[in-house]
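Asks: Here's the letter readout for the chains.
Protein chains: 2
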Amino acid sequence: MTDQEMPTLHDVIAARPHVYRFLKPTPLYRYFGLSELLGAKVWVKHENHLPVGAYKVRGGLNLVAHLSQQERESGLYTASTGNHGQSIAFAARAHGLRATVAVPEGANPGKVAAMRGLGAEVVIHGPNYESALEWVVGAAAARGGRLVGGTEDLLIHGVGSYGLEIIEDLPEVDTIIVPVGAGSGACATAIVAKTINPRIEVIAVQSVQAPAMQQSWLAGKPITVPAHTIADGLALSVPFENTRRILRKYLDDFVLVEDSAIEDAVLLLLEHTHNLSEGAGAAPLAAALKLKHRLAGKNVVLVMTGGNLSFERLRKLLAQPRKCGALV
Amino acid sequence: MTDQEMPTLHDVIAARPHVYRFLKPTPLYRYFGLSELLGAKVWVKHENHLPVGAYKVRGGLNLVAHLSQQERESGLYTASTGNHGQSIAFAARAHGLRATVAVPEGANPGKVAAMRGLGAEVVIHGPNYESALEWVVGAAAARGGRLVGGTEDLLIHGVGSYGLEIIEDLPEVDTIIVPVGAGSGACATAIVAKTINPRIEVIAVQSVQAPAMQQSWLAGKPITVPAHTIADGLALSVPFENTRRILRKYLDDFVLVEDSAIEDAVLLLLEHTHNLSEGAGAAPLAAALKLKHRLAGKNVVLVMTGGNLSFERLRKLLAQPRKCGALV
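Protein sequences appear in the order of chains A and B. Residue 297 in the numbering used here is what sits at position 224 of the first sequence, and the numbering runs on without skipping anything. Residue 351 in the numbering used here is what sits at position 278 of the second sequence, and the numbering runs on without skipping anything.
Just chain A, same shape as in the assembly (with noise of 0.2 Å):
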């Protein structure tokens, strides 16, 4: 992939449309509670509050509106471990077509539920992403249907709607912090942001317990690390080529928190926010923590990818005793 092939903010602006064919933008709120905490000016932007509970609903929506005739009879083909397979049962719920997503063995229960309640066929196969990958690869070749990988251009052309909302409400913003799994939030984040305004920082963040894409950031080539954090959102092993070298181009900074931290931080934005985070919607706000001194006074986006944390770890997470001060 050159640059020239990369997608670019042009990219992003055509693909609205048909995000907002079927969907609102989501709202960018200031927390007080969070400001204080951080000794910054804090908002989160609430992706938790889409259809499906997360971002990627955006991309799915692109990526079915730009499907082939063929393509559309022949159904949707793809793997995930719970978001990018709601987004495309939504998407494909949404055009009239059909759906199969295959999942790992001990997919998030809601997320597999969800999917199935959109009129998805869901495939649970193999321990993790890459084995669910193989079988949905060897189903869509014999079955004829459109194979859809988890960060294919068109993806990351209609997630990056956000990152638009976001400067479009708060064009002060001085820092933007988004998760990474696969990647494509955070590449659509940073290719708006540093085309509209090189001074805007993009932080990413990943877990300790499965840097892959981070440690892949920092080589410069990809690298392979297992996955083992309990953030389903953030769990990859193997990085993708295309999302690895637009965040080698366009990204500020990567850092790794703790999987603790980041289920502190879970409670955290229920206390001061009332809402639901899911591991990887969290992470930001632990990434914030530990760069605290660096964004004091700043204006700082966290970014809420998505809310779907399952009922049992909210429950295990809230009966344990916290280290962390600031909880009532």
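Don't read these hints as lab results, they were simulated from the structure. Some hints could be false.
Identical chains blur together in the list; that is why a pair holds if it fits in one copy or across any two.
[Said to hold, decoys possible] Derived SDA-like pairs (lysine to any residue); straight-line CA-CA distance at most 20 Å:
id	residue 1	residue 2
1	K114	R189
2	K267	D84
3	K114	P124
4	K114	A186
5	K371	G190
6	K97	E238
7	K267	N372
8	K114	R166
9	K114	G190
10	K114	G192
11	K114	A167
12	K322	P271
13	K371	I269
14	K114	G169
15	K97	D242
16	K267	I240
17	K322	D84
18	K97	A138
19	K97	I240
Just so you know, these numbers come straight off a predicted model, no measurement behind them.
Given chain A, work out where chain B should sit, using these hints.
Replies: Just chain B now, with coordinates in the frame of chain A:
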């Protein structure tokens, strides 16, 4: 108050520009899990997605937009158990005015912190809403401030915008279920729905532990009943006269649910929608479960009026063993 003096659909339509100047329409999402549970098509109106996390902010914005210059300069004084106070604090800040909110002892600490974060002066006075009100009436008189009642017509006009959004998004709605504290939300919803289409059924819900408005509605006259509900948004012991009369005229039915059923509903909403609801916001689901046979096959909208459940209450809820088999 004669019928001619009651708020109308026209008042609600006229209020909308003042509401939408500072906020966006909220989503109305269909949930497959809840639909399956109820044997109906179930949508949730997400008023918890608003700034301050509750529908009341719509009313505050409309009221403040209509103040005289003298009232604007005098500052606003009101009493609240929580969300109404946040609404007035938010609207005052949006318009650059001062606000003083009296709350009873033991008020939801998150709501109090949010009011202070919005710049309001919060005064804690007495054991209940009535005692806080008594203090603030005196303070407003002494300082020459504008006293804001809990159910002023201008609040009802603003709040009605969510009712209109429901019908615009889902013209085929059969039943809307809405919780009642002071009654402004239920009144506005009933006026809007019954004026547009008398066949839309509007059902109100209160707690068995705080049934003042329900008993007054049934009796056709004001009845004072002590309020002991865990849901602060439903806690009212002395009915407001204007909302009582509006509900008497427009409402189809008014059901009571146990606090324990409301707690179950908070957990079910967390599981199926990944949204945190406060007790009042979950009461419509508790009512729908009680009315399951009557709602079968219908298009049902549950109004999640607010999401400001305290962290401590959520922790306790999740720690309790539940009898409800649907929870995983």
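Asks: None of the hints should be skipped; say for each whether it holds.
Replies: Now the hints, each set against the structure:
1. Within a single copy, K114 and R189 get their C-alpha atoms only as close as 40 Å, which misses the 20 Å cut-off; across copies the closest is 16 Å, which meets it.
2. With identical chains, the CA atoms of K267 and D84 are at most 20 Å apart within one copy only, with a shortest distance of 15 Å there and 45 Å across copies.
3. In this assembly of identical chains, the alpha carbons of K114 and P124 lie at most 20 Å apart only when taken from different copies (16 Å versus 28 Å within one copy).
4. For a Cα distance limit of 20 Å, the shortest separation of K114 from A186 across copies, 16 Å, qualifies, whereas the shortest one inside one copy, 37 Å, does not.
5. When the C-alpha separation of K371 and G190 is checked against a cutoff of 20 Å, the pair qualifies only between copies, where the shortest distance is 18 Å, while the shortest distance within a copy is 42 Å.
6. Taking the closest pair of Cα atoms, K97 and E238 come within 20 Å of each other both inside a single copy (11 Å) and across two copies (13 Å).
7. Proximity of K267 to N372 under the C-alpha cut-off of 20 Å is restricted to the intra-copy arrangement: shortest distance 16 Å within a copy versus 45 Å between copies.
8. In the homo-oligomer, the alpha carbons of K114 and R166 lie at most 20 Å apart only across protomers (16 Å), although the nearest pairing inside one protomer, at 39 Å, exceeds that limit.
9. In this assembly of identical chains, the alpha carbons of K114 and G190 lie at most 20 Å apart only when taken from different copies (12 Å versus 39 Å within one copy).
10. When the C-alpha separation of K114 and G192 is checked against a cutoff of 20 Å, the pair qualifies only between copies, where the shortest distance is 15 Å, while the shortest distance within a copy is 42 Å.
11. Taking the closest pair of Cα atoms, K114 and A167 come within 20 Å of each other only across two copies (17 Å); inside a single copy the shortest separation is 37 Å, beyond that limit.
12. For the identical chains of this complex, K322 and P271 are intra-copy neighbours only, at 12 Å inside a copy versus 59 Å across copies, given an alpha-carbon limit of 20 Å.
13. Taking identical chains as interchangeable, the C-alpha atoms of K371 and I269 lie at most 20 Å apart only when both belong to the same chain, with a minimum of 18 Å there against 48 Å between chains.
14. In this assembly of identical chains, K114 and G169 lie within 20 Å of each other by CA distance solely across copies; the values are 19 Å between and 43 Å within a copy.
15. Taking the shortest alpha-carbon separations for K97 and D242, both the intra-copy value of 14 Å and the inter-copy value of 12 Å come in at or below 20 Å.
16. Proximity of K267 and I240 under a CA criterion of 20 Å is satisfied intra-copy only: 11 Å inside one chain copy versus 41 Å between copies.
17. Taking the shortest alpha-carbon separations for K322 and D84, only the intra-copy value of 17 Å comes in at or below 20 Å, while the best inter-copy value is 54 Å.
18. In the homo-oligomer, the alpha carbons of K97 and A138 lie at most 20 Å apart inside one protomer (17 Å), although the nearest pairing across protomers, at 26 Å, exceeds that limit.
19. Taking the shortest alpha-carbon separations for K97 and I240, both the intra-copy value of 16 Å and the inter-copy value of 17 Å come in at or below 20 Å.
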